[in-house]
Structure formats: structure tokens, C-alpha cells
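Q: Next come the chains, spelled out residue by residue.
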Amino acid sequence: MDPQTEEAFKRLDAVLQRVLQDAHAWNTWEYWLALLIGVAGLYFAWKASREAHEAKQAATEAGRTVKIQTVTIELTEVAQKLERIHPDIKFSEARDLLSEISRRVRRVISPFEKDPDLEGKIKSLREALDATHSSLSKVRPSGQAKETEVPQAVYYAIESDFATLTNVVAELLGLFEKKGIDFGDAHAGR
Amino acid sequence: MPAGNVAEIRKYLEEVIAATNAGKMDWAQANPTTFFWTSTPPRGRLVIQRVEKTVPRRLADGRMIATKVVHYVFQALDQNGTAQFSASGEDIDDLNPLLENLYGVAETSMSRKGLEFLKSILPKS
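Chain order of the listed sequences is A and B. Numbers 46 to 235, taken from the working numbering, label the letters of the first sequence in order. Numbers 692 to 816, taken from the working numbering, label the letters of the second sequence in order.
Derived by calculation from the structure, the hints in this document are not laboratory data. Only true hints are included.
Where chain A lies over chain B, by a calculated footprint (3+ residues, C-beta under 8 Å): (1) 720-731; (2) 744-757.
Beyond 12 Å from chain B on every Cβ pair, some chain A residues (computed): (3) Phe-54; (4) Leu-65; (5) Thr-73; (6) Tyr-88; (7) Ala-97; (8) Val-123; (9) Glu-138; (10) Glu-145; (11) Arg-152; (12) Val-153; (13) Glu-164; (14) Gly-225.
Below, in silico cross-link-like pairs of lysine-lysine (PhoX-like), each with a Cα-Cα straight-line distance of 20 Å or less: (15) B:Lys-804 / B:Lys-715; (16) A:Lys-191 / A:Lys-135; (17) B:Lys-759 / A:Lys-168; (18) A:Lys-224 / A:Lys-112; (19) A:Lys-224 / A:Lys-159; (20) A:Lys-183 / B:Lys-744; (21) A:Lys-183 / B:Lys-759; (22) A:Lys-223 / A:Lys-112; (23) A:Lys-191 / B:Lys-804; (24) A:Lys-168 / A:Lys-224; (25) A:Lys-166 / A:Lys-224; (26) B:Lys-815 / B:Lys-804; (27) A:Lys-112 / A:Lys-159; (28) B:Lys-744 / A:Lys-168; (29) B:Lys-759 / B:Lys-744.
C-beta atoms are modelled at their ideal positions from N, C-alpha and C, and glycine is treated no differently.
Bound conformation, chain B alone (with noise of 0.2 Å):
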């Protein structure tokens, strides 16, 4: 991907991030690694997922042993489902810290619309 086009997403995810932290986004849970948001009217979803890899990884004193990569990947779908557009942090490795930023702030959103929905059923004192 040209650098240009990096810089650009980047922008894009800030501004996605930002939104989610003034509550302008709320995201759903599909399973426990991945978050969506449906845009309203509902023209497309961005999706960010989290990705656990196990690679081999060769010691100094020539073992192998297995180890844990995480990356995260973040999709926009069109409202069909189909994938128009897709980033990974597994390809676009600058990409990683700021997707995984993305993901932290997308579980927040979560959690916060959880503890709301608790706050809003217990009796008010």
C-alpha cells in the first residue's frame, strides 16, 4: 500500500477513535475478538478484529518454540456484507499500534453501554 494511502487511514482511524471517545460511536460485540459499528442509516460497518497467531520462533541455542503474535485487522463493509475495504496490522506493521488503539477504545464502548444498561435496571436509591 502507497504511503500516502497509510497516512490517509491513519487520519481516518483518529477520527474514529475520537468519535468513539465522545460516545458519537456506539460498537457492537459480534464474539469476544471482534467489535463492529453500523452506521446510521445503515450504509456500512466498520469492523476491528484482534488476531492471535502462534509462530515458531528460533532460540540462541537453536530450539524452536512457539510463540504468540497479536495483530488486529479492520474491515468497512458495504451494506451487503461485502469487504471494501480491509487493513491488517499483520501487513502494515505502523499500522498494528493505532488498530490496536482502535480496538481498545471499541471494548470501552462496550463495556460502557454494558454498565449503563446495569446502572438503568438496578433500583434508584
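With the rest of the complex left out, here is chain A (with noise of 0.2 Å):
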């Protein structure tokens, strides 16, 4: 055997025994501290990512309780707002009162547009509010001289369409208020 091959062999024998020794290293407490500290380590880093993913989840339904709050409050405030009409009330004045209740009521109500709890009744206080917009177009004053002269035109053309209109705005906040109660209840639970 010439020097380098012996050499080769002998190499090769040494790892041999490091290998041998390394397949009995379940043996010595060293292996099991170290298998205790990797598994204690994946369990750490699995209740972590639970925690993470839990406070989120948490954080989400915080937020849209806070929603369905904010909605609630705004629409009472619009119910509040359509019962300020009067016979004597003037074009520009429902003109201004309709432009705030359609801008507010259609701000709020749009994030739940999908939602199949409330989409039907969205859709009917939708078309209430173009329902208000058409019949007021059809008072609006040739002059304000005119405007005068006929006092309760404005009144008698949009009366009925507040009135379904504060209807629907009933409907749907006693809707956003059970979602409130329901949405509470589920959390309560957990």
C-alpha cells in the first residue's frame, strides 16, 4: 500500500469513529438538553404566532364594533333630522336638509352594501333618497318671487317621500342595533 492511500484510510477510519460516536450521542445528557431546548423553542414560536394571529382577530371585531356603533349614532341623528320638516319649509331649505341626509346616510350605510342581513334594506333607503331627490326637483321654484306665492308647494310634494324615508332609517338602525346586540353576544361567548 503505497503512503497516500494509507493515508486515505486512516482519514477515513477517523471519521468512521466520529460518525460511530455521534450515532451513540443520544447516550449523553448533552443531546437531550439539546433536543429539550430546540422543542421548547418550536413551542414558544407556535403559542406566539397563535397570540399574534388571536390579538388581530381581536383588534378586527374591536374595530367593527366601534363601526356598527359609529353607523347606529349617525343614523339616529339623521331620524332626528328628517323630522325637521314643516309646511312652510322652503326649496332651498329641504334642498340643503336632503343634501345632508343623502351625503351622511349614504357614507355610512356603503362599507355594507354586501352585507346579506342588511342589503335589501339598504337598497330600499337607496331608492327613497333618489325618490326625495325627484320630487323635490319638481317644486323647485320658476323664481323666488314665485316661491312666495305658493307657501306649502315644497311640503305637500315631499312629505310622503320623508315620511318612507324616516321609515326605512327606522328599519335600518333597529337592524344596525341587533347586529350591535348579536355581534356583542358572539364575543361575550368566546
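Mind assembling these two chains? They're in different frames, but the hints should get you there.
A: Encoded structure:
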């Protein structure tokens, strides 16, 4: 055997010795300590990930509760404004009131348009708003002087549309309040 | 409203329609759906308005649809603009066709006035 081959065999033998030593490493306390640390590390990583997921879910749900409460407050204010219509209301006054109601209502209901519990009522509310706009446009005065000649014309034109709007807003308000309660109950049950 | 009063209102409305058709009452337009006539000397005003309502109606299959219903409102105002008399075709169904007729003749009266003005400003041939 040439010296180079003999050297290679010696090296191989040393490697095999080390492999055999490592194969019996489970017999040593260092092996078990390292394994324990590894498993503990895995457990804590999993636990941290789960807690982060739960915290995110809780934050989302809290945000949704706040949103429902905001919508409920906004719709209550709109319902109060709808009651401000009176027989001597002027065209400009009715137009401003309707614009404000329309803007506020459309802003708060738009995120819930696809909600299966609310979409029917939201559609009715949109239709009622459109009908009121249409009725109001039919009493746009030909001149300011002429508006005073027919003092209750605006009221007669929009009275029933406002009554419809009031009813639909009240029904929608009820649905949002119920949603808020159901949501709170589901959250408390966890 | 008592039936006797309704009959009396019908009589007055028919008189107003006849006077308008005869060109004795000139109506003015306050807005696209309201006409008014002012007495001379100005002791009061008559107002006729077309009101359109959207009401829910249930179909035979149970579905709800929105239907448009038209009625007319007639008012007699004093010189301060206070309504002394008011009649709505919504409250008194029988009156609605007559009020519709009055609205039609008031609209025609306005349109006739407009055409007369147009004729007056055109160059004479």
C-alpha cells in the first residue's frame, strides 16, 4: 500500500469513528438537553404566533363593533333631522336638508352594501333617497318671488317621501342595533 | 268632509275650470308642478299642485314593488298667504279627476299665454 492510500484510509477510519461516536450521542445528557431546548423553542414560537393571530382578530372585531356603533349614532341623528320638515319649508331649506341627509346616509351605509342582512334595506333606502330628490326637483321654483306665492308646495311634494325615508332609516337602525347586540353576545361567549 | 260640502266644492271647481277655459282667469306657474291664480284686486290666490307619491304595492306572488300614485292638491289662500281652504284628491277620491281637469286647464292657460307672447314678439309677415 502506497503512503497516500494508507493516509486516506487513516482519515476515513477517523471519520467513521466520529460518525459512530455521534450515532451514540443520544446516550449523552448534552444530546437530551439540546433536544429539550429545541422542542421548547418550537413550542414558544407556535404559542407566540397563535397569540399574535388572536390579537389581530380581536382588534378587527373591536374595529367592527366601533364601526357599527358609529353607524347607529349617525342614523339616529339622521332620523332626528328627518323630523325637521315643516309645512312652510322653503325649497332651498329642503334641498340643503336632503343633501346633508343623503351624504351622511350614503357614507355610513356604503361599507355594508354587500352584507346579506342589510343589503335589502340599504337598497330601499337608496331608492327612497332617489325618489325624494326627484320629488323635490319637481317643485324647483321658477323664481324666488313665485315661491312665496305657493307657501306649502314644497311640503306637499316631499312630505310622503320624507315619511318613507324616516321609516326605512328606523328599520335600518333597528337592524344595526341588533347586529351590534349579536356581535357583542358572540364576542362575550368566547 | 260632509258630502254636501264636497258637492259645493265640485260646483266651485267647475266654475273655475269654465272661467279658465273662457280666458277669464290667467294662471301663473310657480314651479314645474304648481300653478296659481291671483284675484284682481289681490284679495286671495288659488293654487293647484300635482303631487306624485311612491307607495309600496304587494304583487300576487308576494313581492313588493314601488308604484307611483298621482293626486292633486287645491288651496285657496288669503292675501297673507294663509290657506283658508284646502282639498286634496288623496283625501277625497271623488275630487281627484276634477282637480286633474283643473290642473290641465291651468297648464293649458299658461302654455297659451306663452304662445301669445311668442306670437307678439315675432316679426309680422
